[in-house]
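Participant: Following the hints, put chains X and V in place on chain F, whose structure we already have.
So the protein sequences, as listed, match chains F, X and V. Read in order, the letters of the first sequence correspond to residues 1185 to 1642 in this note's numbering. Read in order, the letters of the second sequence correspond to residues 112 to 419 in this note's numbering. Read in order, the letters of the third sequence correspond to residues 2 to 280 in this note's numbering.
Rather than coming from a laboratory, the hints here were simulated on the basis of the structure. Keep in mind that the hints are not guaranteed to be accurate.
Claimed, not checked - Short, incomplete list of chain X residues facing chain F, as computed with Cβ under 7 angstroms:
| id | residue |
| --- | --- |
| 1 | Leu191 |
| 2 | Val196 |
| 3 | Gly211 |
| 4 | Arg214 |
| 5 | Leu215 |
| 6 | Met224 |
| 7 | Leu226 |
| 8 | Ala306 |
| 9 | Leu399 |
| 10 | Phe405 |
Said to hold, decoys possible - Calculated from the model, a selection of chain V residues having no Cβ within reach of chain F, i.e. all distances over 10 angstroms:
| id | residue |
| --- | --- |
| 11 | Thr16 |
| 12 | Val113 |
| 13 | Asp166 |
| 14 | Pro168 |
| 15 | Glu204 |
| 16 | Thr215 |
| 17 | Lys259 |
Remember, it's a predicted structure, so these values are computed and weren't measured experimentally. Positions of the beta carbon are idealized from the N, C-alpha and C atoms, including for glycine.
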Amino acid sequence: MSVEADKGHVEIAAGGRGVQLAGRLKKAAITAFVVLLLCIPMVAFRTVDAQDGLALVTRWDMVATLVAIAFAGQFLWDVLRESATASTAAGQVGKPVGRALGSLLPYLGAGMIVFAVALPFMPFSDRYIMDLAVLVLTYVMLAWGLNIVVGLAGLLDLGYVAFYAVGAYSYALLAQHYGFSFWICLPLAGMLAAFWGIILGFPVLRLRGDYLAIVTLAFGEIIRIVLLNWYEFTGGPDGLSSIPRPDFFGLEFKRFGENTFHGFFGIEYSSLHRIVFLYYLILILALITNVVTIRLRRLPIGRAWEAMREDEIACKSLGISVVKTKLTAFAIGAMFGGFAGSFFATKQGFISPESFTFLESAIILAIVVLGGMGSQIGVAIAAVALIGGLEWLRDLDFLKQIFGQDFDPKQWRMVFFGALMVLVMVWRPRGFIGSRKPTVALGERKAIGSDLVKEGHG
Amino acid sequence: MEYFVQQLINGITLGSIYGLIAIGYSMVYGIIGMINFAHGDIFMVGAFISLIFILLLAAVGASSIALLVLILLVVLALALALTSVWGFVVERIAYRPLRGSFRLAPLISAIGMSLFLQNLVQIIQGARVKPLPPLVPGGYTIMESANGFTVQLSNMQILIVVATVALMAIFTYIITQTSLGRAQRACEQDRTMAALTGVNVDLTISLTFVIGAALASVAGMMFLLYYGVIDFYIGFLAGIKAFTAAVLGGIGSLPGAMLGGLIIGLIEVFWSAYFSVEYKDVAAFSILAIVLIFMPSGLLGKPEIEKV
Amino acid sequence: MATVSDPILEVVHLTMRFGGLVAVDDISFQAEREEITAIIGPNGAGKTTVFNCLTGFYKPTVGMIRMRRRGGDTFLLERLPDDAINKLAGVARTFQNIRLFSGMTVLENLLVAQHHKLMDASGFTVGGILGLPGYRRAERAAIEKAKFWLDKVGLIERADDAAGDLPYGAQRRLEIARAMCTDPELLCLDEPAAGLNPRESAELNELLLDIRETQKSSILLIEHDMGVVMEVSDRIVVLDYGELIADGTPEEVRADPKVIAAYLGVEDEEVEEVEREIS
Chain F
1185 MSVEADKGHV EIAAGGRGVQ LAGRLKKAAI TAFVVLLLCI PMVAFRTVDA
1235 QDGLALVTRW DMVATLVAIA FAGQFLWDVL RESATASTAA GQVGKPVGRA
1285 LGSLLPYLGA GMIVFAVALP FMPFSDRYIM DLAVLVLTYV MLAWGLNIVV
1335 GLAGLLDLGY VAFYAVGAYS YALLAQHYGF SFWICLPLAG MLAAFWGIIL
1385 GFPVLRLRGD YLAIVTLAFG EIIRIVLLNW YEFTGGPDGL SSIPRPDFFG
1435 LEFKRFGENT FHGFFGIEYS SLHRIVFLYY LILILALITN VVTIRLRRLP
1485 IGRAWEAMRE DEIACKSLGI SVVKTKLTAF AIGAMFGGFA GSFFATKQGF
1535 ISPESFTFLE SAIILAIVVL GGMGSQIGVA IAAVALIGGL EWLRDLDFLK
1585 QIFGQDFDPK QWRMVFFGAL MVLVMVWRPR GFIGSRKPTV ALGERKAIGS
1635 DLVKEGHG
Chain X
112 MEYFVQQLIN GITLGSIYGL IAIGYSMVYG IIGMINFAHG DIFMVGAFIS
162 LIFILLLAAV GASSIALLVL ILLVVLALAL ALTSVWGFVV ERIAYRPLRG
212 SFRLAPLISA IGMSLFLQNL VQIIQGARVK PLPPLVPGGY TIMESANGFT
262 VQLSNMQILI VVATVALMAI FTYIITQTSL GRAQRACEQD RTMAALTGVN
312 VDLTISLTFV IGAALASVAG MMFLLYYGVI DFYIGFLAGI KAFTAAVLGG
362 IGSLPGAMLG GLIIGLIEVF WSAYFSVEYK DVAAFSILAI VLIFMPSGLL
412 GKPEIEKV
Chain V
2 MATVSDPILE VVHLTMRFGG LVAVDDISFQ AEREEITAII GPNGAGKTTV
52 FNCLTGFYKP TVGMIRMRRR GGDTFLLERL PDDAINKLAG VARTFQNIRL
102 FSGMTVLENL LVAQHHKLMD ASGFTVGGIL GLPGYRRAER AAIEKAKFWL
152 DKVGLIERAD DAAGDLPYGA QRRLEIARAM CTDPELLCLD EPAAGLNPRE
202 SAELNELLLD IRETQKSSIL LIEHDMGVVM EVSDRIVVLD YGELIADGTP
252 EEVRADPKVI AAYLGVEDEE VEEVEREIS
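Isolated chain F, as found in the complex (with noise of 0.2 angstroms):
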């Protein structure tokens, strides 16, 4: 009995392989099919320039290789996923080095800030590593500054970036119309844009989740094509330039002059001078946007964003105004950016509509829902691996080896940006950070984790 009930083990668990390899090929088949029906016609055919009109120039190749890597693809994924060794695999290492990882995060926060403190120091630090590091830091700001809005206090706000330009252009006509010193412009830009924040967020008061959105994007291109039409007061497509550069408290850092900063501490001139004290302008900015979030976290309005973020209605029934909580949720947020934007406009001497479209405001919120639960430490994370990504993708020369000669992986960039954008999302819906750490505790403090924490309705 029980020989033949081995035998026909052994024959089912041989057909069972079969079946499943005949399966895994038939699924990959299908993707394969799909993925040539995407290719005809976008792939197949490129739409080119001719003498009179356009042609038609066929990309078969292309189209094969697309094919084959998605027949190639569907299977090998269906093998890894359902392959007994490798999901137990993934388990035995995944969860302990999620731990480990989470144990890690104090620490890695403080490492972080010792290693930004020290970067312009270090032997590779040259004028491109500095210039991606004042760059990366600037979104680090811009990522606090609306995790104020969408991490704390729930409000999705697509529009930030109108904030950011708000500070940028209230800088450079402050500066130029009234020759005002940088420490006195950015305080004033800052009161600006958080007063613009008021009234950008009085109307949408009662929107919820993706309607607030929409019309927080909606606002934000308004004054973006504003900015570009407004000729007499922003110089409209041609922005402003001349925008007084910083200095080092009088002492200016040119070649040339009187009071040089090179001149004053005996050293030979070089233009990474400036860039350094630029680095440390953003840091230092960043660093306030971080420890002035920690504490009004702690403080009651930080819990009225939480407690609001959590449910509004049991917020009122509390007493707590909700309208007050949002709009100081949009100054302060809109406040920071405002900084933000005071310190590009200074740091390049020329701004225009240009730098400040939906895709930065997309950016600097995929950045905040990627760096998850509105945490600070997550978000910094995640402005560090996008735009540090982001840079890493213009030079991919090797990718030329794969994609052909004219292969331009500068215009490539966007397309893995977005791709990234949805793999990251499908992934980890909430963000690298899976929980939340409470602000007070009668003992010790015990993270929250993500499946309790809403992420607001606005």
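Facilitator: Same frame as chain F, now just chains X and V:
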């Protein structure tokens, strides 16, 4: 007066195109409660696919009207079918895994998908604008003013409006009379319950996306034939305006989407004609904001009440 | 106990119409200070509607709701903006579908309830950011108050746990504790015993009686659980189809034939017959 009538005709034409795109937004939002950010880019893909087939089948310089009509019908069918595949795949990859997840994730995923599509098309078809000589010739002069201004109604405009009306009729039938329509309405009301009563929720939602993509592809083809020029970026702007139309008409209502589309089209044309062209998009965005703030349920939609 | 009437809440000719549907039809009653008043009635009678009018979620079509605070201040609740009802009028409520801040800890929930005191102490946040001592003192006091209430509802062990992690009964108790942290004069409870087992209901009774005695708060509650209602109420108001059909002490209401008819679902014509049958 004549000028006004001309703008009216132009506005209705443009509005029809917006309406066809708006229906896709409305249906998707009605059934899964998310704004399909990438829908405008599906419209753009539809326009490109139409362009490629038009070129492929040598519609330019077609020898007779009959042949032209035949070619255009074939192009329409192909564009419809293939754009639907794109719509299906987008839903499958970017939205289905996130169904039932939190609000922000599908939104970011949609934005990412939109970026991906825009830049993908930019790469594989080139960043330059793609012109097409007008294929549908002729029209009628219906009015003439004293100082010689003529009001033209082109055959293309008639074609667009007729196609739109036909499609509206077909899809209204589908929604109200067929089991698909019933399944959609069930999913809109209560997805879990629908699943429990035997509705194939995944299939219903996929078909909703497919229908939306199909309508958007028609809009794309019409846009191409009417304006004669497309590029990879038309999806973003058209998408925002079509979404405004969907909200204006009342999210979840198909006649509302078409009504909203017509209104937005008319407003855009009249604003450009009588005020300023540069700020016409500001007009669209402002209307969006005003409608959402003061009339979130739109003209024909149902208001949402939160139970305390 | 014939005392002078000292109403804390006066509902006068309250009517609520939703389009053509009349949910609440010309209801008037009073709730006495430092008493527990229950509103009962079959499902759909309009009880939660009355609550929602009281606590600012609906605007009544007709009628007045007068709240008389201890110092003599009087507020017309239907005129106040929703957050002012707690802040100015001292009315707190719990909800039929529990509304806790599930992603925040139990302790944090209770601190949110003390928002205004803490807000003032933080110098509208500016002082707090600068780390001034006034706020820290106020926060410590707030935590003490939270601990007091956590002790009372038996949740002190779980102060640092996420509110969403608590079992159902504990969540209900937390909601009451949170409402009490706002120092209300009138506590409105919407079906506080729903889903509680008999032991938990008994504990709830004790809690409500304790609140009445030690906090000197008045309580208004909607409830289906007759064990709770009969045990703790000083006064019962009965609604049916949006109308007030009885208003009196538990003994009076228990014997009222109209109330019995409403719960048994008897047609209006048969009410007399039922009355005869009972007496």
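Participant: Which earlier hints can't be squared with this structure?
Facilitator: 1, 3, 8, 10, 12 and 13
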